[in-house]
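Asker: Spelled out from the first residue to the last, the chains are:
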Amino acid sequence: MHKIILIIKREFLTRIRKRTFIISTILFPLLYLGLIFGTTYIAEKTKDNLKIGIIDSSGLFKADMIAVANNMDTAKTLTLVTENKENFMAHFDTLGYDGYVVIPQNFSWKNGIDSANIIRLNTRKTFGIGAMEPAQKKLNKIWEQIKKDSLGIDTVKQAIINRTVSLRQSNEKNRNSNAESASVIGYVSGFLMYLILILYGSQVMMGVTEEKTNRIAEVVVSSVKPFQLMIGKIIGIGLVALTQFLIWISCIFIIYNVSKAQGGAVNNASSVVGSVQNVFTSVNILLVVSCFVFYLLAGFFFYSSLYAAIGSAINEDMREAQSLSFPITLLVMFSIFLMGAVIKDPNSPLAVWASIIPFSSPIIMMVRIPFGVPNTVPYWQLGLSMLLLIGGFMFTTWFAGRIYRTGILMYGKKPSWKEMIRWAFSK
Amino acid sequence: MNILELQHLKKYFATQKAVDDISMVIPKGNIFGLLGPNGAGKTTLIRMITGIFYPDSGSITLKGKAFDPENDARLIGYMPEERGLYKKMKIGEQALYLAQLKGLKKAEAIVKIRDWFKRLEMESWWNKKVEDLSKGMGQKLQFVITVLHEPDLIILDEPFSGLDPVNANLIKDEIYRLAQNGTSIIFSTHRMEQVEEICNNIVLVNKGKKILDGSVAEVKQGFKENLFSIQIENIPDQITANIFDVVEKKEQQIIVKIREGYKPNDVLSHFINNGSSIIAFNEILPSLNDIFIRLVEGTPTARQFEKTTL
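Chains as they are written, first to last, in numbering that gives the first Met the number 0: chain A, 0 to 426; chain B, 0 to 309.
Honestly, I wouldn't trust all of these hints.
[Claimed, not checked] When the alpha-carbon atoms are kept at most 20 Å apart in a straight line, the in silico SDA-like pairs for lysine to any residue are as follows:
#  : chain 1 : residue 1 : chain 2 : residue 2
1  : B       : K86       : A       : D316
2  : B       : K9        : A       : L408
3  : B       : K86       : A       : T13
4  : B       : K128      : A       : F11
5  : B       : K86       : A       : F11
6  : A       : K412      : B       : E81
7  : A       : K2        : B       : L95
8  : A       : K17       : B       : D131
9  : B       : K105      : A       : I4
10 : B       : K111      : A       : L5
11 : B       : K105      : A       : I3
12 : B       : K127      : A       : T13
13 : B       : K128      : A       : R14
14 : B       : K86       : A       : I25
15 : B       : K105      : A       : L12
16 : B       : K89       : A       : F11
17 : B       : K89       : B       : E122
18 : B       : K86       : A       : T212
19 : A       : K17       : B       : D67
20 : B       : K89       : A       : R123
21 : A       : K412      : B       : G38
22 : B       : K87       : A       : R16
23 : B       : K87       : A       : K224
24 : A       : K2        : B       : K134
25 : B       : K87       : A       : I15
26 : A       : K8        : B       : G57
27 : B       : K86       : A       : R214
28 : A       : K8        : B       : D67
29 : B       : K89       : A       : L408
30 : A       : K2        : B       : M88
31 : B       : K127      : A       : I3
32 : A       : K8        : B       : A106
33 : A       : K224      : B       : E69
34 : B       : K104      : A       : L408
[To be verified] Listing some non-contacts, in silico: residues in chain A with all C-beta distances to chain B over 12 Å:
#  : residue
35 : T78
36 : V80
37 : T163
38 : E209
39 : I215
40 : V219
What the hints contain is simulated information worked out from the structure, not anything from laboratory work.
Since this is a predicted model, take the numbers as computed values, not measurements.
All residues carry an ideal CB built from backbone N, CA and C; glycine is no exception.
Build the full structure now, drawing on both the sequences and the hints.
Answerer: Here's what the structure looks like:
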């Protein structure tokens with residue numbers, strides 16, 4: 000036991016001190032943040048804020064109405080032109096305007112201009128629809144105000160008109176459930192699980208191959224049992240994965256909430272706080288995180304022991320590794336293909352069974368859990384899934400250990416899966 | 000006292016009988032040569048002694064008790080033929096880690112590592128990585144790691160390959176020193192001149208079986224062909240005697256094979272009576288290399304002799 004701890008310690012410390020660990024741990028959330036902020040920034044930057052002069056011949060467009068319309072967003076798009084019209088029309092671009100509109104004299108509050116109601120925006124450059132849209136909205140807002148004034152609808156009447164009802168889902172069993180937050184958390188958990196299983200699984204594989212090809216394995220197995228060496232490596236790397244996850248998970252909640260706040264119309268502090276609360280109350284975060292830790296470790300043991308078996312069978316050639324590990328990578332990827340269907344309907348038989356069967360349960364169960372325990376995922380399903388996964392990883396580590404102890408000392412030709420299975424079941 | 004006793008060890012693999020009923024005894028403080036051609040079963044035998052493989056049948060007794068791989072790791076030091084170290088790990092940490100795996104306490108291990116590093120002039124290596132070392136330096140480090148925990152039995156598989164003569168001598172001296180302090184050493188190699196130089200006892204294995212066992216001197220005696228070299232002034236053109244046959248004739252030296260029933264003294268008397276003046280007379284013993292090749296090739300001794308006389 001003492002020796003396994005030594006091995007775990009070495010695996011954990013050498014990996015966690017590596018520059019690549021520190022870089023990937025920091026870089027991953029930064030990249031994620033950068034992606035969100037970058038795209039928002041670019042979207043913001045590329046949006047054309049047109050500056051448009053209004054030449055009003057009808058006399059209906061008042062400066063205060065324009066001011067109200069301009070307040071719809073941060074860009075002051077519209078300006079009522081009061082100076083000499085001809086001069087403005089000739090030199091609007093040098094005056095700092097992108098274009099101008101002329102409201103004709105025959106503009107009526109009831110019908111507008113004519114049946115087509117087209118106002119021409121005169122420009123000297125071509126602008127996209129995205130740039131035109133806010134201006135169009137504002138013009139309509141102004142017209143709306145003109146119509147209200149003419150119909151005698153004051154702010155009190157307007158408030159009455161504005162009253163609406165909203166439809167909100169109320170799950171009788173779980174008042175806090177929120178499908179949107181649940182799918183986001185389910186998606187993020189499932190994907191994170193996938194990343195960790197694949198990335199750290201292949202680290203186990205490469206670590207084992209490295210020990211084999213360096214021939215250090217032969218030195219070490221003269222001091223410890225091959226199984227101890229394998230399990231020590233798996234646990235050590237599993238702890239690295241867990242450490243990285245715990246660092247990430249704290250980042251991800253921040254990122255998620257920040258990005259959600261970014262998506263909102265108004266970017267202020269209260270909505271950030273609101274959305275954080277929203278996520279934390281709609282999903283039992285403690286349950287999700289503790290289940291994640293369980294499925295991360297159990298799923299990791301399940302898959303990484305298989306990766307270790309492959310690592311012990313191959314030699315220096317990484318192509319051998321790819322061809323042998325492909326079936327296992329495919330198993331992990333299969334769960335990712337199911338993810339979309341599971342999020343759409345977390346109660347479907349497909350979702351239920353995929354979350355119980357060991358090879359897909361680490362990812363699929365983590366997709367389902369945010370939808371609610373015990374409502375979406377009854378306790379028996381969670382319990383059965385966990386039990387089967389524990390049984391599953393006990394089998395795979397036993398199986399892998401049998402292959403490992405033969406493979407680690409076997410040099411030469413790459414064995415086939417059939418041969419490896421024979422090693423496992425030989426005495 | 001015997002450090003290691005092997006009784007009827009067997010290990011069969013699907014395709015071959017890797018070790019087929021081998022028994023041997025290694026005394027305390029003995030440098031023991033384990034010889035055999037490639038694929039003879041040496042590595043399998045060593046792996047059973049180091050606890051990497053379990054024998055199919057037979058028993059291993061270490062220091063008078065049944066060998067328990069899990070708890071006896073500290074009693075054995077093993078240096079495999081293909082050297083193995085973590086390339087990216089710092090040398091000091093690596094030595095410490097492997098020593099702790101053998102069962103040494105951390106503080107104890109540090110003292111021993113410093114001691115060995117000092118003796119073999121490796122003190123500056125502590126914070127270097129293995130990938131920064133040359134092949135010979137790596138070899139030296141591997142040797143230190145093998146013997147660091149002061150095992151009672153050290154198994155060295157081709158310890159001198161890749162070492163320059165200076166470092167080879169350094170390691171050789173360490174091996175002698177360890178043996179003098181009571182450590183038994185199993186020395187597996189193909190280099191027969193090294194075996195003759197270093198080993199007290201040898202065992203030759205071939206095709207999973209032991210075909211020769213004994214001290215180096217005994218083995219050589221056992222395979223001697225009664226060959227003697229005689230140096231005389233003025234070798235006569237015709238030498239005829241019923242005491243011996245002339246095997247080879249050089250300018251000042253003849254090599255003779257004494258016939259059965261006669262003694263070296265008879266040869267000497269023959270030449271003395273002839274009036275030849277003898278400068279030197281000595282027995283020619285076969286080299287281990289010759290014995291090795293003869294046994295492994297399975298060529299009958301008689302036929303080989305015929306070939307040389309013709």
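Asker: Look at each hint and say if it fits the structure.
Answerer: Evaluation of the provided hints:
1. The hinted pair formed by K86 of chain B and D316 of chain A meets the criterion: a straight-line CA distance of about 18 Å does not exceed 20 Å.
2. Proximity of K9 of chain B to L408 of chain A is assessed by CA-CA distance (about 19 Å); at most 20 Å being required, the pair is judged to hold.
3. At roughly 12 Å between alpha-carbon atoms, K86 of chain B and T13 of chain A fall within 20 Å of each other, so this suggested pair holds.
4. In summary, the hint linking K128 of chain B to F11 of chain A is supported, as the alpha carbons are separated by about 18 Å, within the 20 Å threshold.
5. Between K86 of chain B and F11 of chain A the alpha-carbon distance is near 17 Å, which keeps this suggested pair within the 20 Å criterion.
6. Using a Cα cut-off of 20 Å, the hinted pair K412 of chain A and E81 of chain B holds, with the two alpha carbons roughly 18 Å apart.
7. The suggested pairing of K2 of chain A with L95 of chain B holds, with an alpha-carbon distance near 13 Å, which does not exceed 20 Å.
8. The hinted pair formed by K17 of chain A and D131 of chain B meets the criterion: a straight-line CA distance of about 18 Å does not exceed 20 Å.
9. Distance check on the hinted pair: K105 of chain B and I4 of chain A sit about 14 Å apart at the alpha-carbon level, within 20 Å; holds.
10. The straight-line distance between the Cα atoms of K111 of chain B and L5 of chain A is roughly 19 Å, inside the 20 Å bound, and the hint therefore holds.
11. In summary, the hint linking K105 of chain B to I3 of chain A is supported, as the alpha carbons are separated by about 15 Å, within the 20 Å threshold.
12. About 15 Å separates the Cα atoms of K127 of chain B and T13 of chain A, which keeps this hinted pair within 20 Å; it holds.
13. Only pairs whose Cα atoms come within 20 Å are accepted, and K128 of chain B paired with R14 of chain A is accepted, the gap being roughly 15 Å.
14. Distance restraint check for K86 of chain B and I25 of chain A: the Cα-Cα separation of roughly 26 Å exceeds the 20 Å cut-off, and the hinted pair is therefore not satisfied.
15. Between K105 of chain B and L12 of chain A the alpha-carbon distance is near 17 Å, which keeps this suggested pair within the 20 Å criterion.
16. Only pairs whose Cα atoms come within 20 Å are accepted, and K89 of chain B paired with F11 of chain A is accepted, the gap being roughly 15 Å.
17. Between K89 of chain B and E122 of chain B the CA atoms are separated by roughly 13 Å; this keeps the pair inside 20 Å, and the hint holds.
18. Restraint check for K86 of chain B and T212 of chain A: satisfied, since their Cα atoms lie roughly 11 Å apart, inside the 20 Å limit.
19. Restraint check for K17 of chain A and D67 of chain B: the C-alpha separation of about 37 Å exceeds 20 Å, so the hint is violated.
20. Taken as a hint, the K89 of chain B and R123 of chain A pair is broken in the structure, with Cα atoms around 69 Å apart against an allowance of 20 Å.
21. For the proposed pair K412 of chain A and G38 of chain B, the alpha carbon gap of about 17 Å is at most 20 Å, so the pair holds.
22. The hinted pair formed by K87 of chain B and R16 of chain A meets the criterion: a straight-line CA distance of about 12 Å does not exceed 20 Å.
23. A threshold of 20 Å between alpha carbons decides the hint, and for K87 of chain B with K224 of chain A the separation of about 23 Å lies outside it, so the pair is violated.
24. With a C-alpha separation of about 29 Å, the suggested pair K2 of chain A and K134 of chain B falls outside the 20 Å cut-off, and the hint is violated.
25. Using a Cα cut-off of 20 Å, the hinted pair K87 of chain B and I15 of chain A holds, with the two alpha carbons roughly 14 Å apart.
26. Restraint check: the Cα-Cα separation between K8 of chain A and G57 of chain B comes to about 37 Å, which exceeds 20 Å; the hinted pair is violated.
27. Distance restraint check for K86 of chain B and R214 of chain A: the Cα-Cα separation of roughly 11 Å lies within the 20 Å cut-off, and the hinted pair is therefore satisfied.
28. Among the hinted pairs, K8 of chain A with D67 of chain B is inconsistent with the structure: their alpha-carbon atoms are about 25 Å apart, more than 20 Å.
29. Our distance criterion of 20 Å between C-alpha atoms is broken by K89 of chain B and L408 of chain A, whose separation comes to about 25 Å.
30. Proposed proximity of K2 of chain A and M88 of chain B is supported: the alpha carbons are some 18 Å apart, at most 20 Å.
31. At most 20 Å may separate the alpha-carbon atoms for a hinted pair to count; K127 of chain B and I3 of chain A exceed this at roughly 26 Å.
32. Between the alpha carbons of K8 of chain A and A106 of chain B the distance comes to roughly 17 Å, so the proposed pair stays at or under 20 Å and holds.
33. Using a Cα cut-off of 20 Å, the hinted pair K224 of chain A and E69 of chain B holds, with the two alpha carbons roughly 7 Å apart.
34. Between K104 of chain B and L408 of chain A the alpha-carbon distance is near 28 Å, which puts this suggested pair outside the 20 Å criterion.
35. Listed as outside the interface, T78 of chain A is consistent with that label: its C-beta sits roughly 67 Å from the nearest C-beta of chain B, beyond the 12 Å cut-off.
36. Against the 12 Å criterion, V80 of chain A stays outside the reach of chain B, whose nearest CB is about 73 Å from its own CB.
37. With a closest Cβ-Cβ approach of about 65 Å to chain B, T163 of chain A is found to remain outside the 12 Å limit, as its non-interface label requires.
38. Look at E209 of chain A: its CB is around 8 Å from the nearest CB on chain B, not clear of 12 Å, so calling it non-interface is violated.
39. Not every CB of chain B is more than 12 Å from the CB of I215 of chain A (nearest about 4 Å), against its label as outside the interface.
40. For V219 of chain A, the shortest C-beta to C-beta distance to chain B comes to about 6 Å, within the 12 Å cut-off, and the non-interface label is violated.
Comparing the model with each earlier hint shows violations of hints 14, 19, 20, 23, 24, 26, 28, 29, 31, 34, 38, 39, 40; every other hint is respected.
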